Amino acid sequence: MEGCVYDKDYGSIPEDTIDCHWQVKADEKHEVHVHNDLPQNTPQLEVHCASGDDDLGHRYPGIGTEFNWSFCPTFSTLYFCHFWWNGKDLRFDVFNNTDACVRNSGHGFIPYDTTDCHWQVKDDGFYIVKVLFTLQLFIRMHNIQAGYCGRQVHILNNLPVTSPQLEFHCASGDDDLGHNFPAVGTDFHWKFCATKYTLFFCHFWWGQNNNQVFDVFNDLHYCIHDGNGYVQEYTSECMWKVQADGFYLGYFNQDVGKVLYTKYRDW
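Just so we're aligned, residue 6 is where the sequence shown starts under the numbering used here, counting upward by one.
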């Protein structure tokens with residue numbers, strides 16, 4: 006091959022060149038900024054960023070604040086960040102390109118030769134900034150809803166001790182949890198990664214005449230679509246309690262240190 010590289014847009018390179026010399030500008034400072042723009046009164050954002058030889062530790066930025074770091078990269082420098090928020094987690098590169106922050110930003114996300122890489126964390130995903138004169142335009146690159154892991158559904162058998170055996174069968178479209186027969190006073194639960202389409206239902210049987218079937222999870226914010234008033238927004242652990250008078254839905258309240266239940270429906 007002649008000319009060092011196929012793409013000669015870097016300048017005029019004679020076709021008979023056999024000695025190819027590359028220069029890396031290692032003295033040019035770059036910065037990465039992570040902005041916490043999540044809604045107020047939501048769970049704490051946790052971030053861990055690192056490169057192969059630089060671990061920035063776990064950070065817990067306040068809402069409306071940012072943390073940042075600067076470095077002098079080479080062509081092989083890579084920084085990733087792992088984000089945790091409200092039962093979701095996602096990891097991706099925040100810097101791997103000295104020209105445009107990340108390699109997949111070449112689709113018009115940010116200008117060539119950008120040295121300040123700004124990332125914005127919102128409840129619907131991750132955005133990278135495109136600076137147009139004094140206008141900062143954030144463009145979404147990663148959908149955070151794909152990472153709603155750590156969701157849980159709990160079913161507590163709170164029926165009387167001398168009552169008939171409780172039986173229930175819970176399932177989603179692709180996950181069958183089988184028939185379960187929990188003892189009185191015990192909790193049956195499962196953990197899963199949810200999207201906006203995730204739905205789990207349960208069919209309950211108790212005694213000869215009591216049986217009910219309903220959704221126990223179908224909403225990313227309130228456990229179930231009509232869960233507002235039963236649980237706080239962004240509840241990740243959906244606590245169900247089965248009693249002789251019906252079914253209760255609740256959540257763990259950090260202020261009082263216990264689960265608060267509200268009756269949801271009768272048998």
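Simulated from the structure, these hints should not be mistaken for laboratory data. Keep in mind that a hint or two might mislead.
[Claimed, not checked] Here are the computed lysine-lysine pairs in the BS3-like style, where the Cα-Cα straight-line distance is at most 30 Å:
#1 K268 / K201
#2 K268 / K196
#3 K201 / K127
#4 K127 / K34
#5 K196 / K127
#6 K201 / K263
#7 K196 / K263
Keep in mind it's a predicted model, so treat the numbers as computed, not measured.
Hints, one by one, checked against the model:
no. : hint        : in the structure
1   : K268 / K201 : holds (25 Å)
2   : K268 / K196 : holds (23 Å)
3   : K201 / K127 : holds (16 Å)
4   : K127 / K34  : holds (27 Å)
5   : K196 / K127 : holds (24 Å)
6   : K201 / K263 : holds (28 Å)
7   : K196 / K263 : holds (20 Å)
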